[in-house]
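Asks: Whole structure, please, built from the sequences with the hints as guidance.
2 protein chains.
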Amino acid sequence: MTLTEQITGLARDAKTASRELARLSSEERDLALQAMAEALAGAGPELLAANALDLEVGKTLGLSSAMMDRLTLNEARIAAMAGGVQEVAALPDPVGRILDERVRPNGLRLQKISTPIGVVVIIYESRPNVTADAASLCFKTGNATILRGGKEALNSNQTIARLMVEAGRRTLGPRFPAAAIQVVPTTDREAVPILLSQTQYVDLCMPRGGEGLIRAVTECSKVPVIKHYKGVCHLYVDREADLNMAESILWNAKVQRPSACNAVETLLVDRAVAVEFLPRAARKLQSRNVEFRGDAQSLELLQGIPDLRMKLATDQDYATEYNDYVLNVRVIAGVGEAVDHIHQFGSAHSDAIVTANEATARKFLTDVDSATVYWNASTRFTDGGEFGMGAEIGISTDKVGARGPMGLEELCSYKWLGWGTGQVRG
Amino acid sequence: MTLTEQITGLARDAKTASRELARLSSEERDLALQAMAEALAGAGPELLAANALDLEVGKTLGLSSAMMDRLTLNEARIAAMAGGVQEVAALPDPVGRILDERVRPNGLRLQKISTPIGVVVIIYESRPNVTADAASLCFKTGNATILRGGKEALNSNQTIARLMVEAGRRTLGPRFPAAAIQVVPTTDREAVPILLSQTQYVDLCMPRGGEGLIRAVTECSKVPVIKHYKGVCHLYVDREADLNMAESILWNAKVQRPSACNAVETLLVDRAVAVEFLPRAARKLQSRNVEFRGDAQSLELLQGIPDLRMKLATDQDYATEYNDYVLNVRVIAGVGEAVDHIHQFGSAHSDAIVTANEATARKFLTDVDSATVYWNASTRFTDGGEFGMGAEIGISTDKVGARGPMGLEELCSYKWLGWGTGQVRG
Numbered sequence: 066m067t068l069t070e071q072i073t074g075l076a077r078d079a080k081t082a083s084r085e086l087a088r089l090s091s092e093e094r095d096l097a098l099q100a101m102a103e104a105l106a107g108a109g110p111e112l113l114a115a116n117a118l119d120l121e122v123g124k125t126l127g128l129s130s131a132m133m134d135r136l137t138l139n140e141a142r143i144a145a146m147a148g149g150v151q152e153v154a155a156l157p158d159p160v161g162r163i164l165d166e167r168v169r170p171n172g173l174r175l176q177k178i179s180t181p182i183g184v185v186v187i188i189y190e191s192r193p194n195v196t197a198d199a200a201s202l203c204f205k206t207g208n209a210t211i212l213r214g215g216k217e218a219l220n221s222n223q224t225i226a227r228l229m230v231e232a233g234r235r236t237l238g239p240r241f242p243a244a245a246i247q248v249v250p251t252t253d254r255e256a257v258p259i260l261l262s263q264t265q266y267v268d269l270c271m272p273r274g275g276e277g278l279i280r281a282v283t284e285c286s287k288v289p290v291i292k293h294y295k296g297v298c299h300l301y302v303d304r305e306a307d308l309n310m311a312e313s314i315l316w317n318a319k320v321q322r323p324s325a326c327n328a329v330e331t332l333l334v335d336r337a338v339a340v341e342f343l344p345r346a347a348r349k350l351q352s353r354n355v356e357f358r359g360d361a362q363s364l365e366l367l368q369g370i371p372d373l374r375m376k377l378a379t380d381q382d383y384a385t386e387y388n389d390y391v392l393n394v395r396v397i398a399g400v401g402e403a404v405d406h407i408h409q410f411g412s413a414h415s416d417a418i419v420t421a422n423e424a425t426a427r428k429f430l431t432d433v434d435s436a437t438v439y440w441n442a443s444t445r446f447t448d449g450g451e452f453g454m455g456a457e458i459g460i461s462t463d464k465v466g467a468r469g470p471m472g473l474e475e476l477c478s479y480k481w482l483g484w485g486t487g488q489v490r491g
Numbered sequence: 066m067t068l069t070e071q072i073t074g075l076a077r078d079a080k081t082a083s084r085e086l087a088r089l090s091s092e093e094r095d096l097a098l099q100a101m102a103e104a105l106a107g108a109g110p111e112l113l114a115a116n117a118l119d120l121e122v123g124k125t126l127g128l129s130s131a132m133m134d135r136l137t138l139n140e141a142r143i144a145a146m147a148g149g150v151q152e153v154a155a156l157p158d159p160v161g162r163i164l165d166e167r168v169r170p171n172g173l174r175l176q177k178i179s180t181p182i183g184v185v186v187i188i189y190e191s192r193p194n195v196t197a198d199a200a201s202l203c204f205k206t207g208n209a210t211i212l213r214g215g216k217e218a219l220n221s222n223q224t225i226a227r228l229m230v231e232a233g234r235r236t237l238g239p240r241f242p243a244a245a246i247q248v249v250p251t252t253d254r255e256a257v258p259i260l261l262s263q264t265q266y267v268d269l270c271m272p273r274g275g276e277g278l279i280r281a282v283t284e285c286s287k288v289p290v291i292k293h294y295k296g297v298c299h300l301y302v303d304r305e306a307d308l309n310m311a312e313s314i315l316w317n318a319k320v321q322r323p324s325a326c327n328a329v330e331t332l333l334v335d336r337a338v339a340v341e342f343l344p345r346a347a348r349k350l351q352s353r354n355v356e357f358r359g360d361a362q363s364l365e366l367l368q369g370i371p372d373l374r375m376k377l378a379t380d381q382d383y384a385t386e387y388n389d390y391v392l393n394v395r396v397i398a399g400v401g402e403a404v405d406h407i408h409q410f411g412s413a414h415s416d417a418i419v420t421a422n423e424a425t426a427r428k429f430l431t432d433v434d435s436a437t438v439y440w441n442a443s444t445r446f447t448d449g450g451e452f453g454m455g456a457e458i459g460i461s462t463d464k465v466g467a468r469g470p471m472g473l474e475e476l477c478s479y480k481w482l483g484w485g486t487g488q489v490r491g
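Just so you know, the sequences run in chain order V and Z. Using this note's numbering, count along the first sequence one by one with no gaps and you end on 491. Using this note's numbering, count along the second sequence one by one with no gaps and you end on 491.
Everything labelled a hint here was simulated from the structure, so no lab data went into it. Do not rely on the hints blindly, as some may be mistaken.
Same chains, same label: a pair holds when it works inside one copy or across any pair of copies.
What the hints assert, rightly or not - Subject to a maximum C-alpha distance of 30 Å in a straight line, what follows is the list of computed DSBU-like cross-link-like pairs (lysine-lysine):
1) LYS376 <-> LYS295
2) LYS124 <-> LYS295
3) LYS287 <-> LYS80
4) LYS287 <-> LYS349
5) LYS349 <-> LYS295
6) LYS216 <-> LYS287
7) LYS216 <-> LYS295
8) LYS216 <-> LYS80
9) LYS177 <-> LYS295
10) LYS177 <-> LYS349
11) LYS177 <-> LYS428
12) LYS124 <-> LYS80
13) LYS428 <-> LYS295
14) LYS124 <-> LYS287
15) LYS428 <-> LYS124
16) LYS80 <-> LYS428
17) LYS376 <-> LYS349
18) LYS124 <-> LYS177
19) LYS124 <-> LYS216
Replies: Below you can see the structure in the form of structure tokens.
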């Protein structure tokens with residue numbers, strides 16, 4: 066069997082499974098999810114053995130210690146993974162919601178109802194827990210999933226998927242389609258473009274990972290892609306900002322968890338308050354050894370602070386997601402320039418303004434074309450849990466399909482049902 | 066300037082224009098649309114002169130008479146085009162609707178509001194009126210449009226777009242961005258893949274036209290595509306159908322307008338009623354000289370009808386959108402087989418069941434994975450106007466972004482606004 070035949074078969078099986086998944090009741094899906102959670106929780110030795118094989122591969126590949134850590138499963142992580150699946154089981158059913166309803170003059174009743182999307186491909190990097198997360202969210206929404214994790218995590222990922230499928234079949238018997246959750250069974254790089262050209266079987270691809278991965282997927286995919294692209298997030302401190310609030314939000318957005326995609330990379334300060342705000346913000350962040358990269362004006366204002374790590378920012382810096390204790394700064398002339406900077410360098414993820422002036426805030430909220438825009442709040446809130454979605458499969462920086470945090474509702478499509486009594490078109 | 070530079074410039078200008086469009090008020094957009102409608106209505110001689118050039122090109126290209134007719138503008142068509150723009154002006158503003166709202170325990174108020182998508186590329190075939198339709202719908206939704214019509218319609222399309230832009234600028238002055246509505250100024254085929262690789266500027270592409278066009282666009286596009294693919298629509302007549310209703314719906318769905326994408330191509334009949342229903346349906350449709358292509362069983366039941374045009378159907382027939390007085394028929398064993406046939410051969414557009422049994426109907430509505438599924442109604446209702454959307458830019462057979470008839474709301478994206486009072490993440 067060629068690789069193309071193998072991958073085409075995988076995709077075709079997923080499509081068939083998706084038809085069967087659409088027929089499961091809400092209760093059946095939740096029962097299966099509970100069984101999957103229990104199976105994962107009880108399979109510690111098996112998961113650790115599979116993971117040990119992957120760690121061997123990782124060592125051979127010379128992975129960094131950070132990557133080895135991400136790849137590692139242990140009892141606590143297995144328990145967390147199982148707990149995540151259990152939580153998904155407990156969430157309300159996102160399928161079958163009535164999104165719109167209208168009765169036409171001829172009596173035809175039209176209902177727009179949420180449905181599964183069909184077959185969803187998830188492409189991600191090393192953490193094996195993503196396998197259980199993504200598979201459970203897709204299963205909850207009635208979607209068949211095809212998972213493609215990092216090549217070094219294949220054994221762990223296959224074991225997780227197999228445990229989940231076995232649990233599903235124990236619970237629902239043949240009503241649970243074995244191809245509901247599949248892991249691409251090869252590390253061959255060519256598998257990805259083949260999979261993403263199966264337009265007749267695959268309905269959506271969601272890549273999660275670094276910029277290179279996202280670009281490679283977008284480049285080769287013939288199926289719709291929802292991207293979870295980098296977060297170059299901004300905080301704009303307006304001339305009418307409460308500077309205590311601005312400092313507190315900056316602290317939270319920059320250093321509470323710099324590795325998060327919703328952490329701030331760039332601070333824009335209105336020149337009317339820059340003299341006061343910039344040095345004070347810098348002194349505060351210096352306690353976490355934050356490095357500053359600024360325009361000439363910012364650096365001048367920061368000059369007097371002893372031992373501050375700072376240098377001139379390049380355009381490249383302004384477009385970079387550091388995920389680290391580094392902050393770009395720039396002094397600008399008002400909200401209009403802030404908006405322009407964000408459109409030029411941002412990634413349309415999450416941006417915030419601090420101001421006491423509602424008109425200025427409304428201008429920022431209207432003009433900034435990002436998935437989430439905040440007034441007087443931290444960008445760190447862009448997260449499915451913080452949004453009350455219960456779970457999150459990622460954060461979309463796209464504008465078609467879903468935007469911002471993606472929970473269960475965002476993993477649904479819809480269809481229109483027409484309830485008639487013999488109506489024909491005039 | 067190379068073609069790549071030219072097309073990149075066009076896309077970049079559209080993105081800049083889209084930022085400016087997002088700042089226009091609802092009233093400003095409607096004023097501009099009214100002015101555009103008047104400009105088109107008053108520009109008969111200019112439009113006819115441009116169209117005459119295109120008709121010359123069409124003759125040289127040896128277009129069929131049907132294609133020449135589609136390409137032709139006349140006073141009535143110009144009036145209809147202007148009237149369409151006027152109607153769009155009168156529709157409610159689709160931008161800024163609050164789609165969801167929630168206040169988190171920390172007091173952060175989250176609003177999900179409808180926004181323009183940004184830059185929308187429309188690729189279509191010969192009818193020049195699509196230029197005005199698509200441009201007005203996109204402008205109403207605050208989107209910048211890049212239009213690519215048939216190569217034989219370039220002069221007409223450019224004139225329509227120029228008249229609309231001039232009217233916009235007369236009305237709103239420099240607040241109306243000249244690049245709000247652009248026609249790709251070349252017939253070079255290479256322009257399309259270049260345009261559809263501008264992921265930093267283009268947010269969505271909507272191809273409208275034949276299967277070849279749709280496939281070519283999907284194949285080359287790096288930006289999200291919402292397809293308006295063929296309509297291989299089905300009518301399933303169940304064993305518990307009211308056969309008078311079934312006959313009336315079949316008549317409407319097949320012969321009221323066979324060229325429409327929501328017309329039925331295939332009739333599936335439950336074998337329990339086939340002996341009674343098929344011959345009577347055939348005699349009725351014979352009055353319009355409909356040709357039947359059926360499986361062996363159907364043909365046997367139809368044998369006794371004098372002069373009926375009929376032949377054995379191939380798998381290819383079952384997958385074909387005829388847009389003509391041709392009907393596939395097949396005798397099947399119940400709703401399950403109907404669903405399977407539809408999934409194997411259909412195009413996920415519009416499908417209907419006629420039955421008096423609610424459980425059977427619900428099974429069909431749930432299991433058929435198409436954009437619109439009807440119970441006891443004609444498939445011909447799949448249309449923005451019939452759905453009460455006021456206008457329609459097409460009918461999506463995709464499952465991500467929009468599905469089924471696409472009106473103004475379906476030309477919108479959304480963003481989340483976070484209204485805070487200094488909240489930071491714990």
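Asks: Each hint should be assessed against the structure and marked as holding or not.
Replies: How the hints compare with the structure:
1. Taking the closest pair of Cα atoms, LYS376 and LYS295 come within 30 Å of each other only inside a single copy of the chain (23 Å); across copies the shortest separation is 58 Å, beyond that limit.
2. When the C-alpha separation of LYS124 and LYS295 is checked against a cutoff of 30 Å, the pair qualifies only within one copy, where the shortest distance is 28 Å, while the shortest distance between copies is 51 Å.
3. Within a single copy, LYS287 and LYS80 get their C-alpha atoms as close as 16 Å, and across copies as close as 24 Å, so both meet the 30 Å cut-off.
4. Taking CA atoms no more than 30 Å apart as the test, LYS287 paired with LYS349 passes in neither setting, with 48 Å inside one copy and 44 Å between copies.
5. Within a single copy, LYS349 and LYS295 get their C-alpha atoms as close as 26 Å, which meets the 30 Å cut-off; across copies the closest is 61 Å, which misses it.
6. For the homomeric pair LYS216 and LYS287, the shortest alpha-carbon distances inside one copy (23 Å) and between copies (25 Å) are both at most 30 Å.
7. Taking the shortest Cα distances, LYS216 and LYS295 sit within 30 Å of each other inside one copy (22 Å), while across copies they are farther apart (39 Å).
8. In this assembly of identical chains, the alpha carbons of LYS216 and LYS80 lie at most 30 Å apart only when taken from the same copy (24 Å versus 38 Å across copies).
9. For the homomeric pair LYS177 and LYS295, the shortest alpha-carbon distance between copies (21 Å) is at most 30 Å, but the shortest distance inside one copy (33 Å) is not.
10. Taking the shortest Cα distances, LYS177 and LYS349 never come within 30 Å of each other, neither inside one copy (52 Å) nor across copies (34 Å).
11. Only between protomers do LYS177 and LYS428 lie at most 30 Å apart by alpha-carbon distance; the minimum there is 17 Å, versus 34 Å within a single protomer.
12. In this homomeric assembly, LYS124 and LYS80 never come within 30 Å of each other (Cα to Cα): the closest approach is 37 Å inside a single copy and 46 Å across copies.
13. In the homo-oligomer, the alpha carbons of LYS428 and LYS295 lie at most 30 Å apart inside one protomer (25 Å), although the nearest pairing across protomers, at 43 Å, exceeds that limit.
14. In the homo-oligomer, the alpha carbons of LYS124 and LYS287 never lie at most 30 Å apart, since the shortest distance is 35 Å inside one protomer and 36 Å across protomers.
15. Taking the closest pair of Cα atoms, LYS428 and LYS124 never come within 30 Å of each other, the shortest separation being 52 Å inside a single copy and 53 Å across copies.
16. Proximity of LYS80 and LYS428 under a CA criterion of 30 Å is satisfied inter-copy only: 19 Å between copies versus 45 Å inside one chain copy.
17. In this assembly of identical chains, the alpha carbons of LYS376 and LYS349 lie at most 30 Å apart only when taken from the same copy (18 Å versus 83 Å across copies).
18. Proximity of LYS124 to LYS177 under the C-alpha cut-off of 30 Å is found in neither arrangement, the shortest distances being 51 Å within a copy and 46 Å between copies.
19. In this homomeric assembly, LYS124 and LYS216 come within 30 Å of each other (Cα to Cα) only inside a single copy, at 13 Å, whereas the closest approach across copies is 58 Å.
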